[in-house]
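S.K.: Now for the letters of each chain:
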Amino acid sequence: SQTIHQWPATLVQPVGSPLSLECTVEGTSNPNLYWYRQAAGRGLQLLFYSVGIGQISSEVPQNLSASRPQDRQFILSSKKLLLSDSGFYLCALKLHPNYGYTFGSGTRLTVV
Amino acid sequence: AQTVTQSQPEMSVQEAETVTLSCTYDTSESDYYLFWYKQPPSRQMILVIRQEAYKQQNATENRFSVNFQKAAKSFSLKISDSQLGDAAMYFCAYSTNQFYFGTGTSLTVIP
Numbered sequence: 043s044q045t046i047h048q049w050p051a052t053l054v055q056p057v058g059s060p061l062s063l064e065c066t067v068e069g070t071s072n073p074n075l076y077w078y079r080q081a082a083g084r085g086l087q088l089l090f091y092s093v094g095i096g097q098i099s100s101e102v103p104q105n106l107s108a109s110r111p112q113d114r115q116f117i118l119s120s121k122k123l124l125l126s127d128s129g130f131y132l133c134a135l136k137l138h139p140n141y142g143y144t145f146g147s148g149t150r151l152t153v154v
Numbered sequence: 264a265q266t267v268t269q270s271q272p273e274m275s276v277q278e279a280e281t282v283t284l285s286c287t288y289d290t291s292e293s294d295y296y297l298f299w300y301k302q303p304p305s306r307q308m309i310l311v312i313r314q315e316a317y318k319q320q321n322a323t324e325n326r327f328s329v330n331f332q333k334a335a336k337s338f339s340l341k342i343s344d345s346q347l348g349d350a351a352m353y354f355c356a357y358s359t360n361q362f363y364f365g366t367g368t369s370l371t372v373i374p
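Chains A and B are the protein sequences, given in the same order. Just so you know, the first sequence maps onto residues 43 to 154 in my numbering. Just so you know, the second sequence maps onto residues 264 to 374 in my numbering.
Just so you know, the hints here were simulated from the structure itself, not pulled from any lab data. All values reported here derive from a predicted model rather than from experimental measurement. There's no promise every hint is true.
[Unchecked claim] Derived DSS-like pairs: lysine-lysine, alpha-carbon spacing no greater than 27 Å straight-line: (1) A:Lys122 x B:Lys318; (2) B:Lys333 x B:Lys318; (3) A:Lys136 x B:Lys336; (4) A:Lys136 x B:Lys341; (5) B:Lys341 x B:Lys318; (6) B:Lys318 x A:Lys136; (7) B:Lys336 x B:Lys318.
[Claimed, not checked] Take a look, some chain B residues computed to stay more than 10 Å from chain A by CB distance: (8) Thr283; (9) Tyr288; (10) Ser305; (11) Gln307; (12) Met308; (13) Glu324; (14) Lys341; (15) Ser345; (16) Thr366; (17) Ile373.
[Unchecked claim] Not the full set, but computed from the structure, chain A residues with beta-carbon under 7 Å of chain B: (18) Ala51; (19) Gly85; (20) Phe145.
By construction, the Cβ of each residue, glycine as well, lies at the ideal position given by its N, Cα and C atoms.
Given the sequences, and given the hints that come with them, work out the whole structure.
M.R.: Here it is as structure tokens:
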């Protein structure tokens with residue numbers, strides 16, 4: 043079965059610093075990959091999704107970007123973090139609509 | 264536009280009792296999938312149960328079952344014999360090619 047590795051688990055970064063969150067997948071190939079953000083323990087906001095290497099779709103214009111340099115690697119980045127970037131970031135994969143998402147364990151980002 | 268509505272931001276249940284979490288959705292699609300996810304304090308998202316829209320039989324997973332009413336676009340989750348470990352945020356979700364989450368229901372289990 044497929045698994046998602048997401049790191050780091052917790053990150054505290056100063057305002058204006060860069061960000062790189064990494065998500066890697068095992069046990070499957072050519073998955074659809076997603077980055078979500080969850081603020082204040084509430085709903086999930088879709089940030090980016092990717093259907094293949096180098097293919098990124100952005101759902102919300104913001105301070106963040108995403109890249110997919112390899113089939114099983116999905117990276118969330120920022121050149122300069124804002125306070126509003128704080129939140130819980132989840133990576134997810136989907137093989138087929140009826141299977142639902144498989145989520146990573148998430149990264150709690152605090153921008154100070 | 265597809266939307267998912269969870270009208271109960273918070274619910275509580277006595278341990279060993281039964282609780283039902285509500286979810287409604289809006290869609291013009293006829294073929295889709297519905298899910299309930301659990302997010303405990305660890306914040307790991309865990310798939311609880313899923314339902315294919317073309318199946319009339321309600322899905323069941325141990326103590327978790329759904330009441331799927333396709334015409335009413337309703338997809339409620341019933342948790343029987345509630346346990347302390349059931350305390351979590353529960354998200355309803357709808358999927359075709361895109362995935363749509365509700366805003367969640369926070370469930371408290373009272374010992």
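S.K.: If a hint holds in the structure, say so; if it doesn't, say that too.
M.R.: Checked hints:
no., hint, verdict
1, A:Lys122 x B:Lys318, "violated (48 Å)"
2, B:Lys333 x B:Lys318, "holds (10 Å)"
3, A:Lys136 x B:Lys336, "holds (24 Å)"
4, A:Lys136 x B:Lys341, "holds (25 Å)"
5, B:Lys341 x B:Lys318, "holds (18 Å)"
6, B:Lys318 x A:Lys136, "holds (21 Å)"
7, B:Lys336 x B:Lys318, "holds (14 Å)"
8, Thr283, "holds (21 Å)"
9, Tyr288, "holds (14 Å)"
10, Ser305, "violated (8 Å)"
11, Gln307, "violated (5 Å)"
12, Met308, "violated (4 Å)"
13, Glu324, "holds (13 Å)"
14, Lys341, "holds (19 Å)"
15, Ser345, "holds (21 Å)"
16, Thr366, "violated (4 Å)"
17, Ile373, "holds (20 Å)"
18, Ala51, "violated (10 Å)"
19, Gly85, "holds (4 Å)"
20, Phe145, "holds (4 Å)"
Hint check: violations occur at hints 1, 10, 11, 12, 16, 18; the rest are consistent with the structure.
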